[in-house]
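There are 6 protein chains.
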Amino acid sequence: MFYTDNKLQYPVRVEKPDPLFARALQQAIGGVEGEIRVAMQYFFQACGARGNPKFRDLLMNTAAEELGHIEMLATAVAMNLEGAPLSLKEEVANDPVGGAVLGGINLKNLLSAGLSAMPVDSDGVPFDMSHIYASGNIAADMSANVTAESTGRILATRLYNMTNDPGMKDMLSYLIARDTMHQNQWMAALEELGGATGAFPIPNSFPQEQEKQEFSYAYLGFQQDGSAPAPGRWSEGQSIDGKGQFVSQPMQPLGPEPNLGPAKPNSGAQKEQL
Amino acid sequence: MFYTDNKLQYPVRVEKPDPLFARALQQAIGGVEGEIRVAMQYFFQACGARGNPKFRDLLMNTAAEELGHIEMLATAVAMNLEGAPLSLKEEVANDPVGGAVLGGINLKNLLSAGLSAMPVDSDGVPFDMSHIYASGNIAADMSANVTAESTGRILATRLYNMTNDPGMKDMLSYLIARDTMHQNQWMAALEELGGATGAFPIPNSFPQEQEKQEFSYAYLGFQQDGSAPAPGRWSEGQSIDGKGQFVSQPMQPLGPEPNLGPAKPNSGAQKEQL
Amino acid sequence: MFYTDNKLQYPVRVEKPDPLFARALQQAIGGVEGEIRVAMQYFFQACGARGNPKFRDLLMNTAAEELGHIEMLATAVAMNLEGAPLSLKEEVANDPVGGAVLGGINLKNLLSAGLSAMPVDSDGVPFDMSHIYASGNIAADMSANVTAESTGRILATRLYNMTNDPGMKDMLSYLIARDTMHQNQWMAALEELGGATGAFPIPNSFPQEQEKQEFSYAYLGFQQDGSAPAPGRWSEGQSIDGKGQFVSQPMQPLGPEPNLGPAKPNSGAQKEQL
Amino acid sequence: MFYTDNKLQYPVRVEKPDPLFARALQQAIGGVEGEIRVAMQYFFQACGARGNPKFRDLLMNTAAEELGHIEMLATAVAMNLEGAPLSLKEEVANDPVGGAVLGGINLKNLLSAGLSAMPVDSDGVPFDMSHIYASGNIAADMSANVTAESTGRILATRLYNMTNDPGMKDMLSYLIARDTMHQNQWMAALEELGGATGAFPIPNSFPQEQEKQEFSYAYLGFQQDGSAPAPGRWSEGQSIDGKGQFVSQPMQPLGPEPNLGPAKPNSGAQKEQL
Amino acid sequence: MFYTDNKLQYPVRVEKPDPLFARALQQAIGGVEGEIRVAMQYFFQACGARGNPKFRDLLMNTAAEELGHIEMLATAVAMNLEGAPLSLKEEVANDPVGGAVLGGINLKNLLSAGLSAMPVDSDGVPFDMSHIYASGNIAADMSANVTAESTGRILATRLYNMTNDPGMKDMLSYLIARDTMHQNQWMAALEELGGATGAFPIPNSFPQEQEKQEFSYAYLGFQQDGSAPAPGRWSEGQSIDGKGQFVSQPMQPLGPEPNLGPAKPNSGAQKEQL
Amino acid sequence: MFYTDNKLQYPVRVEKPDPLFARALQQAIGGVEGEIRVAMQYFFQACGARGNPKFRDLLMNTAAEELGHIEMLATAVAMNLEGAPLSLKEEVANDPVGGAVLGGINLKNLLSAGLSAMPVDSDGVPFDMSHIYASGNIAADMSANVTAESTGRILATRLYNMTNDPGMKDMLSYLIARDTMHQNQWMAALEELGGATGAFPIPNSFPQEQEKQEFSYAYLGFQQDGSAPAPGRWSEGQSIDGKGQFVSQPMQPLGPEPNLGPAKPNSGAQKEQL
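Chains as they are written, first to last, in UniProt numbering: chain A, 1 to 274; chain B, 1 to 274; chain C, 1 to 274; chain D, 1 to 274; chain E, 1 to 274; chain F, 1 to 274.
It should be emphasised that the hints constitute simulated quantities derived from the structure, not laboratory data. Just so you know, not all the hints are guaranteed correct.
No copy is singled out in the list; a pair is fine if it fits within one copy or between any two copies.
Straight-line distance between alpha carbons at most 20 Å, and here's what the computed SDA-like set of lysine to any residue pairs gives [said to hold, decoys possible]:
#	residue 1	residue 2
1	K243	E191
2	K169	R13
3	K243	G195
4	K212	S235
5	K16	L86
6	K169	P265
7	K264	S205
8	K243	Q208
9	K54	D225
10	K54	Y160
11	K212	Y160
12	K16	L260
13	K169	Q210
14	K212	G244
15	K212	G255
16	K7	S227
17	K169	P253
18	K271	N161
19	K169	P250
Input sequences plus hints: build the corresponding full structure.
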């Protein structure tokens, strides 16, 4: 169950509204690496968590934090849209810079939302919830969360570099710090789950003797000329999960050319396929 | 540039066609954790790789492998659909089991594809390419790839547990082994990039003194009653990236209640908002 | 800013797990009339609210409530999936009823989520956030919310009629009651905003003398034979907004056949179009 | 069955083509509040209408009208795209205003449609038909239609305010007038269905004694500090549907912390979850 | 401008309602090869038609026909859903066949639409308007229409083969006949536009001397071993457009290994990429 | 099975990076007429090909070619994004042209991909795999492929006309030539399958006596005034498939006004519908 106090988690100040930056900030709300994604991902992972209940609490607690981040960014978008022109013609005619700004804003923020934030990315593409990864496997979920916070922090630093507004830089420096913590937090959870050698290969509940083990630690080459592929840590030494030795080798097709045979009558194929 | 030899990477045998299992296999083709996703993700990461060119080669080489996995699975789907009924009425009337099977297949595999595979998941939802994570940051990409191979291996083991067909189990044991390798491979690449202390927090090119550092390693609590959140490795000790100490504390709102003020004239709001 | 206490807003009991009902419940989570939609819709309307701040508080308060409804339903889905078969073959062979159940469940709940809820509808289609209506006009938003709670309550009553489980019926009777309240609540807000005569036509800030007023209260007929269209309250008497009189009349085309002329050179058209 | 006469319902004149305004007009075609949506929504509601057949006729008649509105807007988009530059370089180099215009147009209108309209919104996002609300409940459908015409009229007034072109203003003043009528028309239909006290809560066919009635007219508070939520018409007095009295109270969790227990073997979870 | 007479274009009879067939029919409404697609495709092609106005008339006339087909199929879906069970438990317990039927229906048709048709495919995936191909090139549009009617007729014959209901077979035999006509109609339009030698390669307005002509009629081989690809009409003889001679040859890479160099500072890459 | 040699199929040169042209090129990667679409379409058609295996080889060979085209275009996008500004404020203030460019780029290419290509179209909309047409009918597939290459070539010529860069023009002249070949190639395959009279109407395996033949070659008129529709090759003479004679006639409704009757109890309708 959730509660609110109607206040902002961290101050949101905009010294000089910038409609173009509003558009860029939309990526941090509704982009696939944005805050809706992490809030909902942690929420659904929590709802489906089985096993030690402390992971449910950890996930739900952080979901609550991320909901507040959406709120901060949505407020920042609306404040940056203050001052956006509402009419096309004059602006373009009189002021190329204003025209560029107008040309660059996401028109839906004006047309559909009346100068407010929307759950869309910087191109106006709505967020779709297929990006909520909640696998039922706690280690895979932690790995997905490290990834989400990594792409989220990259985005936040790009936004930080893009703006000069001190208020926006301050807000982003807070979000970047939280991404630092969250990357570390999910890696810490992975460490509790056994780390590289205990948790991997994910899922660790499947008996490895049932996999085709001669391919489990082989770096296969798919070079057209049959040469060995680019070497690296992945082609020699002990595997990262500690359960095998990396080897490297070119691959040959092990199966024949497939042939599905003729089509069935009444299946809508051409006569020539029957 | 790509080449083909029209052969299968690994043999695909189906002893007893099972249209319901065909539907389940579709998840491994067009699900968000399926093979289209990894093939295209590694491909686009390769195309945008900057820095040491060996990562481009590593990624493109594995993209070629994954294309062959799609081909194997698409062949398996078509082979499992052999024997699916083409007519509704009789089956249901005469044979409840057949009726159940018919009720359970993805009708589009019949209606749109003529008993062949489609780039959709097990519910017939088409794959959408927003799931291709290629961030321009090589460490974040490697993390995304570990995640992709983890959810992919979970899916493959669930499919393995779902079927009794020896041919299908054999094919899946190959794919599971490759997922083992690929999890290890991307972790090995992350190790080359510095591992937990060198690569994190991602991106490692942003100066940490510019983030709001008092929040960088703090596990904040969002419990309604102000209590401390669930403790764990994430709430004490050195941070996983080696750059700070975890602390734990309840959070208070640091910002005020936001107030956007009145709406602008001509912005389509109600009079009461102006 | 949001908080949680990790508890459920209302008890969720399942006496006999029913995987098919789990699939139906998914509609109440990720359907276009489901709880993610209302939670996020009220949240975004709150974030963009301009004018009297009490509407922001009203919206954010109810958003917090709806987040708890998602949590309840996600828990109910996971509890109903307990007992779902993990393997296809035996079930179908031995037990047509079990086979029917297996054929009917949303396979992604098993394959992608490990028997947990997902942010998808009853066909496994992910929720997409374009359904978050937040127009920047408070009256239109209230109207959208009445609609959302109406379709939501219809869905909840259909689910109530579909199940025999006392625990599920109890949970749904709570959600239905809340939908009753929320329909009334948003209508009450609309009453505060002037009701039918004060708030309509929405937006009420556009000067009606600028619309083509001879068409503002005319029920136009588009019957092929030029006859009058079906009469009703909408074809005579004072208009509902109190600002005009309904009239009814067949429509004639007022514009000519459009002609865009030839295509531009270099625009990729055929030569015959130039 | 439908007919056409190839003529426009209302004249479409463009005095000075404006590619940027073409982009804005796309929102009125393919936006979620646009004309495709209402045309198809009324059409599908008509096709599924049960009960008094006059509602079917009313809906189908208005669907025919809206199809003509799409045609008008598509013509307006094509006329505004006349004069759009076909080449990038020179324009930007020589003419910042032209460059701004070019930067602002939806490139797909040129690249995919050859300077014609598309069924997409102002950001080039295709309309998706999940926005067609046709619930099988006639009152909910009427409420959805009031909402659709409200957001549609807001959009049309924003477009009216955005342009100076007399032809475009004239066309929009016609569409705004029709939105006025349609808002009133669907409210009139709702009045025929019993109005606030007769039609609500929707659906009115579900026995209210089966809902958990102590929550049916209670304005619950979800404030973190347990304080009462923002008061208003919704917190006291008779409910709008005339069937209860509004009360206001803070909410406590009525359910426990959920615990799904361990994961099932073979479900793809980690060993630690079993 | 469009008109209606509220009647059906062709009779729709269902002797024995079949909810499973209702689900299959949904593919013909909202599938990518369904009637919404052709209706809207011809409509948008008409709206953007430039050049000889008779093509606009042809397209708009057929768009009106297809709208009537959607209406027929939506009626057929609703009629087939009569008799679908509204409750899960009893049906499955008492009647495996009924259970299979229930397991097989698209639950949204019940839960969201109250036993009526929806603009979705047979898996409940909503139609999205990106499938409306209207290129601004009249020959490409005619080719797209031949394709649309081909996949549409394949679907209709599969549905015809799937059902035993005489009413449904009669309705489908009408739709199949119309698909026959429409395939021929669009090919006839293509013939008016010059046929294979006059219209191709599309667009015929681009000067062929500006294309890299040594590759214009070469069947290139991408076989891993450098062998020639599978021969056929496409590898020898005059090209179908009459403007060249087919030749066949293995392909070699003509470009180098690409190298994008280091990443830019401040672009969010890892230090190792700079 | 697929192989790569890490080289480019054709040289990609960019003399002067142009971020706006990068955005336009995205349409050729992730647009519905782009290279991902043809690569995956041919690939899935190959995987499901039944009948003469030479069509499988033809399709898979060309799929391999198209994968190389995606690689070329993705490289071109990244090269054109070199030099894109990373910060908003200064550019707009100092340089209207730069501002226009910045306003015009797809921000996701910077924010999500770090100045690299993405599988999205020129508006940042991700490609979705529902556009992969693979019908199980080889003739319909060939027709779909002619269409795909036609819209692809139109797009490529529009891009060619849009840029002045010699490197980009050279690359595009290669892609245009390949589209010429591929249009011819698929028409050649259609010729092998019997051409217009042998392959049509598609599917040619359905007995034409089972279609309602009086409508098979009739050009029906849906003009509101009952007049004949626009004449052409489609209204007289032998049909293109050689199996009938075109006739032209106005259409009358052959069915009655549909009436679905009252709604079922418990189906969530209003009382007035029961």
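Now the hints, each set against the structure:
1. With identical chains, the CA atoms of K243 and E191 are at most 20 Å apart both within one copy (17 Å) and between copies (17 Å).
2. In this assembly of identical chains, the alpha carbons of K169 and R13 lie at most 20 Å apart only when taken from the same copy (9 Å versus 38 Å across copies).
3. Taking the shortest alpha-carbon separations for K243 and G195, both the intra-copy value of 13 Å and the inter-copy value of 19 Å come in at or below 20 Å.
4. Taking the closest pair of Cα atoms, K212 and S235 come within 20 Å of each other only inside a single copy of the chain (18 Å); across copies the shortest separation is 40 Å, beyond that limit.
5. For the identical chains of this complex, K16 and L86 are neighbours both inside a copy (18 Å) and across copies (19 Å), given an alpha-carbon limit of 20 Å.
6. Taking the shortest alpha-carbon separations for K169 and P265, only the inter-copy value of 18 Å comes in at or below 20 Å, while the best intra-copy value is 66 Å.
7. With identical chains, the CA atoms of K264 and S205 are at most 20 Å apart between copies only, with a shortest distance of 11 Å across copies and 41 Å within one.
8. In this homomeric assembly, K243 and Q208 come within 20 Å of each other (Cα to Cα) only inside a single copy, at 10 Å, whereas the closest approach across copies is 36 Å.
9. Taking CA atoms no more than 20 Å apart as the test, K54 paired with D225 passes between copies only; the shortest distance there is 18 Å, against 52 Å inside one copy.
10. For a Cα distance limit of 20 Å, the shortest separation of K54 from Y160 qualifies neither inside one copy, at 34 Å, nor across copies, at 30 Å.
11. When the C-alpha separation of K212 and Y160 is checked against a cutoff of 20 Å, the pair qualifies only between copies, where the shortest distance is 12 Å, while the shortest distance within a copy is 47 Å.
12. For a Cα distance limit of 20 Å, the shortest separation of K16 from L260 across copies, 15 Å, qualifies, whereas the shortest one inside one copy, 65 Å, does not.
13. Proximity of K169 to Q210 under the C-alpha cut-off of 20 Å is restricted to the inter-copy arrangement: shortest distance 9 Å between copies versus 52 Å within a copy.
14. Within a single copy, K212 and G244 get their C-alpha atoms as close as 13 Å, which meets the 20 Å cut-off; across copies the closest is 42 Å, which misses it.
15. Taking the shortest alpha-carbon separations for K212 and G255, only the intra-copy value of 15 Å comes in at or below 20 Å, while the best inter-copy value is 38 Å.
16. In the homo-oligomer, the alpha carbons of K7 and S227 lie at most 20 Å apart only across protomers (14 Å), although the nearest pairing inside one protomer, at 61 Å, exceeds that limit.
17. With identical chains, the CA atoms of K169 and P253 are at most 20 Å apart between copies only, with a shortest distance of 19 Å across copies and 54 Å within one.
18. Taking CA atoms no more than 20 Å apart as the test, K271 paired with N161 passes between copies only; the shortest distance there is 16 Å, against 62 Å inside one copy.
19. Within a single copy, K169 and P250 get their C-alpha atoms no closer than 50 Å, and across copies no closer than 25 Å, so neither meets the 20 Å cut-off.
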